[in-house]
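S.K.: As a plain string of letters, each chain reads:
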Amino acid sequence: MRTKLSTVAAAGAAALLLASCGSGEGGEDTSASGGLTGEGSGESCTIEGEVPIGAVLSLTGAAASYGESQQRGLELAAAELAENDGVTYDLTIEDDQTDPRQAITLFDEFVNDGASLIIGPTLSNAAIQADPIAQDAGVPVLGISNTAAGVTEIGDYIFRDSLTEQAVIPQTIAAATEQFGLEDVVVMYSNDDAFTESGYEAFSAALEEEGVEVSETITFSKSDTDFRALLTQAQESDPDAIVVSALIEAAVPLVTQARELGIDVPIIGGNGFNNPRLMADAGEAAEGVVVGAAWNSSSDNPENQAFLEAYEAEYDAAPDQFAAQAYTGLKLVDQAVRANCSAERDSIQQALGEIEDVPTVLGEFSIDENRDAEHPAVVQVVENGSFAVLE
Amino acid sequence: MLDEYATTLTFIALGAIFAYSFYAVLIAGQLSLGQAGFAALSAFAGAYLAPSPTDVGDVPALLIAVAIGMSVGALAAVVLGLPTMHLRGVFLAIATLGFAEAVRVVLTNQEWTGGAQGLGVPRVLTVGMAWLALGLVAYWFWRMGRSRYGRALEAIREDELAARAMGIDVGRHRLAAFVTAGAVAGLYGVLYAYYVRLIAPDDFDFVAAVEGLVTAVVGGSTMFLGPILGSGFQTIVPEIQRAVGVEAGWIRPFLASLLLLVVILFLPGGLASLIRRRTRLPAGAADDARADAGEGPGRGLAGRHHPAAGEPVVSLSGLGKEYGGVHAVRGVDLEIRAGEVVGLIGPNGAGKTTLVNMISGLVPPSSGTATVLGSTIGRTPVHRIAAAGVSRTFQHSKLFNRLSALENVLVGAHLVSRPTFLRRLLWLPSARRDERAALRQAVRCLDRVGLADRAAARAEALSYGDQRRLEIARALASDPSLLILDEPAAGMNHVEAARLSELITSLARDGLTILFIEHNVGMVLQTCTRVVVLNFGEVIASGAPGEIAADPAVIEAYLGSDEDDAGSAGSGATAAGRDAAPPDAVTNLTPGAAGTLDTPDTTPRNPT
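Which chain is which? The protein sequence lines are A and B, in order. One point on numbering: in full-length UniProt numbering, the residue at position 65 of the first sequence is 65, and numbering is uninterrupted. One point on numbering: in full-length UniProt numbering, the residue at position 510 of the second sequence is 510, and numbering is uninterrupted.
Treat the hints with care, as some may be off.
In silico contact screen, one side only, chain B against chain A (beta carbon under 8 Å); selected entries [stated by the list, open to error]:
hint, residue
1, Thr-7
2, Val-196
3, Asp-203
4, Arg-509
Per label pair, the in silico range of CB-to-CB distance [unchecked claim]:
hint, chain 1, residue 1, chain 2, residue 2, range
5, A, Ala-82, B, Pro-60, 49 to 57 Å
6, B, Gly-57, A, Glu-309, 52 to 60 Å
7, B, Leu-136, A, Ala-306, 54 to 62 Å
These aren't lab readings, by the way, just hints derived from the structure by calculation. Beta carbons are placed, not taken as given, at the ideal position from N, Cα and C, and that holds for glycine.
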């Protein structure tokens, strides 16, 4: 048994070595052959070689639910792009297991293997850890869900198509204040998650800006599911609304339990609430919840309608914002590649920076001077089991 | 070539360093999950307090952070270790896990750590630095392996009680191992922080702790290369899957877990068990030992002061032990003087083992006073009694099962050998001399019980009789003033018992004071200068073997139940008859059944 095992181990190690060498050489080949620059422009652009695009998503681990949505969005976009002539994409989706070490390793591998651009990673923390690798190597990165401050400040190769919480939340609060005449609110957020904590900071700043008083701030853990005691505590100060920064896993029980306790003031949520599961799982209780979002799922622009239809047909489910942003991401990459008709890294980087007023699923889309996304955000309210624009 | 794998190699090194922090305590038999907490505290403290690399340069900044981190880790381990070191097994794991979780929650709620969003740290660490750090850590544990300190930790892992009886201060050693774990975890935390650029409290959560533990166990927790192998395995498995083209998603973690299961099932000792471990017996050690034989403690060993013949070694007065109303031992007055060979006999349940457990410090008496070699029994911990010169064997063999016979005896020599670990780190020749001296002592003791040719065998692989003899060799290695043997002949056949009898006689000739419990009355009468008979916890007779054998009270209490036994004991009363009687004539064990004895009952008879 012992000899057998060690033989297997040796064989495995040898296989790894061979495979790694193989992929390494492959990477050099693509960059050396120069087949990434083509002729023509826009729709007529023709590039001979396949354009290697890497995507680092959290398909397993804590953030798997977002990663899976993103994977669907990317694959849908890739399938549509494959039908266009001229440019073919070789999209490799890899799983970082929600582990920063894996994200760093994957970025390193994509950089070494000659990827023209890297999409991802799913979480902002991982972006701050891994993006510098691409920046140092001069590989453009397009974040499709990073909302934390400072991600694009890493360098001039880092872009994102995801609106930050700082861009969405002030609009949400402004609209809600106007609609409901808010004077004092209770703020609740999970303080052990980077995304919800930065959302809280944005809420807090926006409330101050609007002159709304925060009578109480209550924190909980992202793994909590019983909020009755906290909600009772919130109820005591008799607020005009409850503002919540939480992930969808906490949002559903929180909303349900609030309604059970007879709290019928508006509940205002951040990006984490912008998920079809809110209506699917909380049902009746979700009615009247206000959600600020980067993507207006009910928007009737043709790109969005086409996306909704294609997504439903492919996956038999409604897309969420992560899928929409991922889908948009790959479409933007195609836009950038075709703009200069080149998939060289520097060329994509330059073209991405110049994207302006492109019609997308997210609306008219531009990249601003800080390489952040610029498009209309939307304030939604749940009505009859679906998101409607709050007016 | 190397550049392409720099990231993977760096993570192998980092994972291995973290696994070493688990290895550091696993080697002493402690299961702790607190290392994640130590790493978190150290990473944040190091990254926050150390000066910026732009001010002082990369390497100095990293070194300062490492110094801060290791100190914080070690300090946290002391603070956590003091109240928890008496916990064992899963209780220690839960307590330390609680600590790690508390650290995570506190760090999440602090302003200066950046909360859940984390603390940005410049990347300074290179693959070379990571492997240099790993090399130093591995070197530390490699040199620890064959030092006195390393053997003591392994002995504690194998059998804590026996380790105490060999004079090892278990509490101090366990704490030392824990502090080492804290410092190594601190090193990991800082290096990790200076590589990944951003640390969040969640990077050091329960999952991270379990991963470190798994890495150490998969690699092997009894061999110093284990953590490196484990980390290599854990880091390379995802790489292989990618290279082979397994689709990203749930299937990969599933396959990785399956592979992990296979390794644990087929290599319970971890990957390191693929590496053959040899027990080195330096050429000439055995010859040296024979040349030294009979000269008392060898060169290079701490000499012991033995009481002169006739001086009191053990004085018991009114000694009693009560277990919930049951008097196991009652009002025993006994004095043993240097040079005596005292046999303690009595029917089963008479309190013999309880009495020797009190004398060797394992069980505190409920009443009365006792002084053994100048130490007061009751308040003095076991290892101090051992240090005073008491050495013992156990009724049911308590060997260090996974250590070789030689290593068992080397642990026995703990008290007479000098600490060698720190000198071994520096390769000082004096450490080598001291190790050789301890080795000579061990070989001499093995030789004396006739086990020299079995030195390399694992203790658990020895026959029952050999195990009993090995226990005696181990007890002898500490050059004791008082040797306590608890039923040494149990399970031995005629020939073995006769040889044991000779051994005891020869030890007595060397001036060793011996107290031994034995059911083989023939052997006791033949070997002892004095016999003490216990019944129902009380001394019913004490005197020369001849007197005892003729004492009607003894015959009544101990032997009277069986006429044959009484007859044999009676014949032992005459000098001529004593030789005629076979050594195991009077015994409640059937010698012929020695080979089919049940495995010894390992449940402790006394709570200790």
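S.K.: Next step is simple, just say for each hint if it's right about the structure.
M.R.: Status of each hint after checking the structure:
{"no.": "1", "hint": "Thr-7", "verdict": "4 Å, holds"}
{"no.": "2", "hint": "Val-196", "verdict": "5 Å, holds"}
{"no.": "3", "hint": "Asp-203", "verdict": "7 Å, holds"}
{"no.": "4", "hint": "Arg-509", "verdict": "48 Å, violated"}
{"no.": "5", "hint": "A:Ala-82 x B:Pro-60: 49 to 57 Å", "verdict": "53 Å, holds"}
{"no.": "6", "hint": "B:Gly-57 x A:Glu-309: 52 to 60 Å", "verdict": "59 Å, holds"}
{"no.": "7", "hint": "B:Leu-136 x A:Ala-306: 54 to 62 Å", "verdict": "60 Å, holds"}
When each numbered hint is compared with the structure, a violation occurs for hint 4 only.
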